[in-house]
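Number of protein chains: 2
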Amino acid sequence: MAHDYIEDLSKHVGQEVELQGWLYNKRSSGKIRFLLLRDGTGVLQGVLVKGNISDDMFSSFDELTQESSLSVKGKVRKDDRAPGGFELELTGFKVIQIAKEYPITPKEHGVEFLADRRHLWLRSARQHAIMRVRHTIIKAIRDFFDGRGFTLIDSPILTPNAVEGTTTLFETEYFDLGKAYLTQSGQLYAEAGAMAFGKVYCFGPTFRAEKSKTRRHLSEFWMVEPEVAFNDLNDNIELAEEFLEHIVQTVLKERADELKILERHTAFLQNVKKPLPRVTYDEAVEILKKKGVAFEWGNDFGGTDETVISEQFDRPVVVHRYPAKIKAFYMKRDPKNPELALAVDVLAPEGYGEIIGGSQREDDLHVLLKRIAEHKLPQSAFEWYLDLRRYGTVPHSGFGLGVERTVGWICGLDHVRETIPFPRMIYRLAP
Amino acid sequence: MAHDYIEDLSKHVGQEVELQGWLYNKRSSGKIRFLLLRDGTGVLQGVLVKGNISDDMFSSFDELTQESSLSVKGKVRKDDRAPGGFELELTGFKVIQIAKEYPITPKEHGVEFLADRRHLWLRSARQHAIMRVRHTIIKAIRDFFDGRGFTLIDSPILTPNAVEGTTTLFETEYFDLGKAYLTQSGQLYAEAGAMAFGKVYCFGPTFRAEKSKTRRHLSEFWMVEPEVAFNDLNDNIELAEEFLEHIVQTVLKERADELKILERHTAFLQNVKKPLPRVTYDEAVEILKKKGVAFEWGNDFGGTDETVISEQFDRPVVVHRYPAKIKAFYMKRDPKNPELALAVDVLAPEGYGEIIGGSQREDDLHVLLKRIAEHKLPQSAFEWYLDLRRYGTVPHSGFGLGVERTVGWICGLDHVRETIPFPRMIYRLAP
Chain G
3 MAHDYIEDLS
13 KHVGQEVELQ
23 GWLYNKRSSG
33 KIRFLLLRDG
43 TGVLQGVLVK
53 GNISDDMFSS
63 FDELTQESSL
73 SVKGKVRKDD
83 RAPGGFELEL
93 TGFKVIQIAK
103 EYPITPKEHG
113 VEFLADRRHL
123 WLRSARQHAI
133 MRVRHTIIKA
143 IRDFFDGRGF
153 TLIDSPILTP
163 NAVEGTTTLF
173 ETEYFDLGKA
183 YLTQSGQLYA
193 EAGAMAFGKV
203 YCFGPTFRAE
213 KSKTRRHLSE
223 FWMVEPEVAF
233 NDLNDNIELA
243 EEFLEHIVQT
253 VLKERADELK
263 ILERHTAFLQ
273 NVKKPLPRVT
283 YDEAVEILKK
293 KGVAFEWGND
303 FGGTDETVIS
313 EQFDRPVVVH
323 RYPAKIKAFY
333 MKRDPKNPEL
343 ALAVDVLAPE
353 GYGEIIGGSQ
363 REDDLHVLLK
373 RIAEHKLPQS
383 AFEWYLDLRR
393 YGTVPHSGFG
403 LGVERTVGWI
413 CGLDHVRETI
423 PFPRMIYRLA
433 P
Chain B
3 MAHDYIEDLS
13 KHVGQEVELQ
23 GWLYNKRSSG
33 KIRFLLLRDG
43 TGVLQGVLVK
53 GNISDDMFSS
63 FDELTQESSL
73 SVKGKVRKDD
83 RAPGGFELEL
93 TGFKVIQIAK
103 EYPITPKEHG
113 VEFLADRRHL
123 WLRSARQHAI
133 MRVRHTIIKA
143 IRDFFDGRGF
153 TLIDSPILTP
163 NAVEGTTTLF
173 ETEYFDLGKA
183 YLTQSGQLYA
193 EAGAMAFGKV
203 YCFGPTFRAE
213 KSKTRRHLSE
223 FWMVEPEVAF
233 NDLNDNIELA
243 EEFLEHIVQT
253 VLKERADELK
263 ILERHTAFLQ
273 NVKKPLPRVT
283 YDEAVEILKK
293 KGVAFEWGND
303 FGGTDETVIS
313 EQFDRPVVVH
323 RYPAKIKAFY
333 MKRDPKNPEL
343 ALAVDVLAPE
353 GYGEIIGGSQ
363 REDDLHVLLK
373 RIAEHKLPQS
383 AFEWYLDLRR
393 YGTVPHSGFG
403 LGVERTVGWI
413 CGLDHVRETI
423 PFPRMIYRLA
433 P
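Heads up: the sequence lines are chains G and B, in that order. With our numbering, you'll find the first sequence wraps up at 433, consecutive numbering, no jumps. With our numbering, you'll find the second sequence wraps up at 433, consecutive numbering, no jumps.
These are calculated hints, taken from the structure and not from any lab test. A quick note: this is a predicted structure, and the numbers were derived from the prediction, not measured. Glycine included, every Cβ here is placed at the ideal spot set by N, Cα and C. Some hints could be false.
Subject to a maximum C-alpha distance of 25 Å in a straight line, what follows is the list of computed DSS-like cross-link-like pairs (lysine-lysine) [as the list claims (entries may be wrong)]:
hint : chain 1 : residue 1 : chain 2 : residue 2
1    : B       : Lys102    : G       : Lys213
2    : B       : Lys372    : G       : Lys141
3    : G       : Lys102    : G       : Lys80
4    : B       : Lys52     : B       : Lys109
5    : B       : Lys275    : B       : Lys262
6    : G       : Lys181    : B       : Lys52
7    : G       : Lys141    : B       : Lys255
8    : G       : Lys215    : B       : Lys141
9    : G       : Lys181    : B       : Lys213
10   : B       : Lys338    : B       : Lys372
11   : G       : Lys102    : B       : Lys215
12   : G       : Lys372    : B       : Lys262
13   : G       : Lys181    : B       : Lys96
14   : B       : Lys255    : G       : Lys338
Simulated restraints, written as ranges between beta carbons of each label pair [as the list claims (entries may be wrong)]:
hint : chain 1 : residue 1 : chain 2 : residue 2 : range
15   : G       : Asp58     : B       : Glu175    : 57 to 65 Å
16   : B       : Ser56     : G       : Asn236    : 45 to 53 Å
17   : G       : Ile263    : B       : Lys292    : 57 to 65 Å
18   : B       : Asp316    : G       : Ser12     : 56 to 64 Å
19   : G       : Thr169    : B       : Gly112    : 50 to 58 Å
20   : B       : Arg280    : G       : Ser12     : 51 to 59 Å
21   : G       : Lys215    : B       : His267    : 33 to 41 Å
22   : B       : Glu298    : G       : Gly167    : 25 to 33 Å
23   : G       : Gly167    : B       : Ser126    : 33 to 41 Å
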């Protein structure tokens, strides 16, 4: 583990180091040769001067191709003009492997060509920037909850019931117990966790076998779902605001270079500070009507509706109190208007749509039993969940945030396929 | 979010607070009533003195049952004899719900009875301790890699190939693309990540449809897999040692109370510091022979063999250089003895078996092609993986650590079923 890395070069100015990595690019200028080495932590310019190294070595520079692996030795020099701010005066290099005909060249490639070579595409500067932002978002999510006394309660991936039909579920045989289904949400399990630990979150992959081919859909995506006992809808919204602020401000602070590489305009991101603007569903419908959108009260917002609503704001907007009939059975009704559910969505600006969806949960056993019957759901599948209302029920709330949509929004990407290392979509299961 | 929590009471000594939670236990003594309130962050003793509160309220104490939800008001008093070190002089309480006949009483229950009520069992002190240790282990894992410049590269759960047969794989239909299989390891994807980012890790659920019913097997379990470009076997072992030390020492420091609740003897855990003892496979076989175990060179160690080997050490033991024929195709052979693979396992003491398995990977394209043919694997399924050896191949190594076995070992549990919130085993898919 005694390797030197490009990201640590500031500690070695004036010293001789040995670095290992891959050729990113090269050029010649008279008696000088330049190479760009990438080692995964950064990109470094190395300089070869004819006469400073052996003629054999100098001429073998010509054999180096893109993505050839090599180790280089040289002295670290601070140089503000060089990429990364440092330069290496090479005293020698050793080829590990010459890469022949690396398929991803600096020219433009079609996106399907690149997606087929995702294992190589990940080496590009753009994908590096996205994956680093993704890493920082995931770390910011965990740090947020870990730092506030939440307990991580991993929900199961394999679940026993397909209560709302199997059309959007992936199913598998489970030994002698019949079918199992890949989870779409850990929420019900997180609710059990909240009754045990007060404040919990689950964070793992979730699945939708949805036959949609849009730029917002993956069949496998990561979701974080906090759930808090004794939180009402307002507490839930405040938690969501604080959470979004933490994620976005952390990325702005720690990944400014990556956002620059992605040419991301950050004005709207800078604005993500609590409190966020809040509108009721009714007010959101008014916005649509004023903008001339044909929309009937009681329907759910489609992608275009969300875009029109969110375009009225220069930061994410909180929409709350939706018609109960378009929301899930477990959402608590508004005591002031039982046609409404105490639901909340947060819509990202710039057309990125819903990034958070949540609610206060129905905590009354008898009301919940009624809802299950109204939704024609099999009560037996929910007996364990109903136990949470039988034994010390309390008001509680939570929400879910999809990682990939958040990455797409913060990075300013057109399509969700670049937000995860190996995307899974209706037409893509490989590599 | 203005709730007060038991874990924060040290900030409120002498002040009046309002707390919300569940009744854990209660008792009476003359004109005094004691209740134990749990709120998920801790357990607090509340004291009611007849005369200090209304007679109605005092007598309604008798109605409180285990797991009833309530809010309490009172003054915080430091009291070293009380559980948690604080006590609340109650000035009032309000019942939210009386829990009727909570099924898990302080008496002994069978483990299947408890497992069927896992959503309630999680409320017990023992399960709290285990889940908090689990949380700390997962955080320690992520902090270790995040703090050392590793990039998180989430590997996919849905994978396209069943190259080694489908007997231990869960499979599902994947739109029009045929079958998909739930991942057993993210390693091959992590290798692609390491060629792009140098140092990476993946960390997610993995699956085995293995028909085993042992105390060490789950069908769904979490695994972390680091992979590092330019690391050889020795670097890999050093990384594993440093990693284990970090995890165990973090838990000892931050979860001492929980380990006490679990009555865990920590002497062997204290010893987990690098360097760990290292033996070759050959030396491990010698140990077995000396102990009178019938074992033939060339076989893999079974559970009992691992226990006998690890019993010779008072800390985890590193076993390296296994016969190649019992190891996976992608492991590099030992240049000094091509019958051996540059593989490494770490065996936990006290019979907890293998917690880490890893290797240096074969980095030569032609050798790897030969191995794929020898193992009768379909080369087409590995073309993307072979690309990593075509375009700038470098020596690299990695390993995997199973979270649940690590939790079981550190907590000193008999069975892996208590190491995860909702365990999945051959006979259990619910709740």
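Quiz item: So which hints don't hold here, by number, going up?
Solution: Violated hints: 1, 2, 3, 4, 6, 8, 11, 12, 13, 14, 16, 18, 19, 20, 21, 22; rest satisfied.
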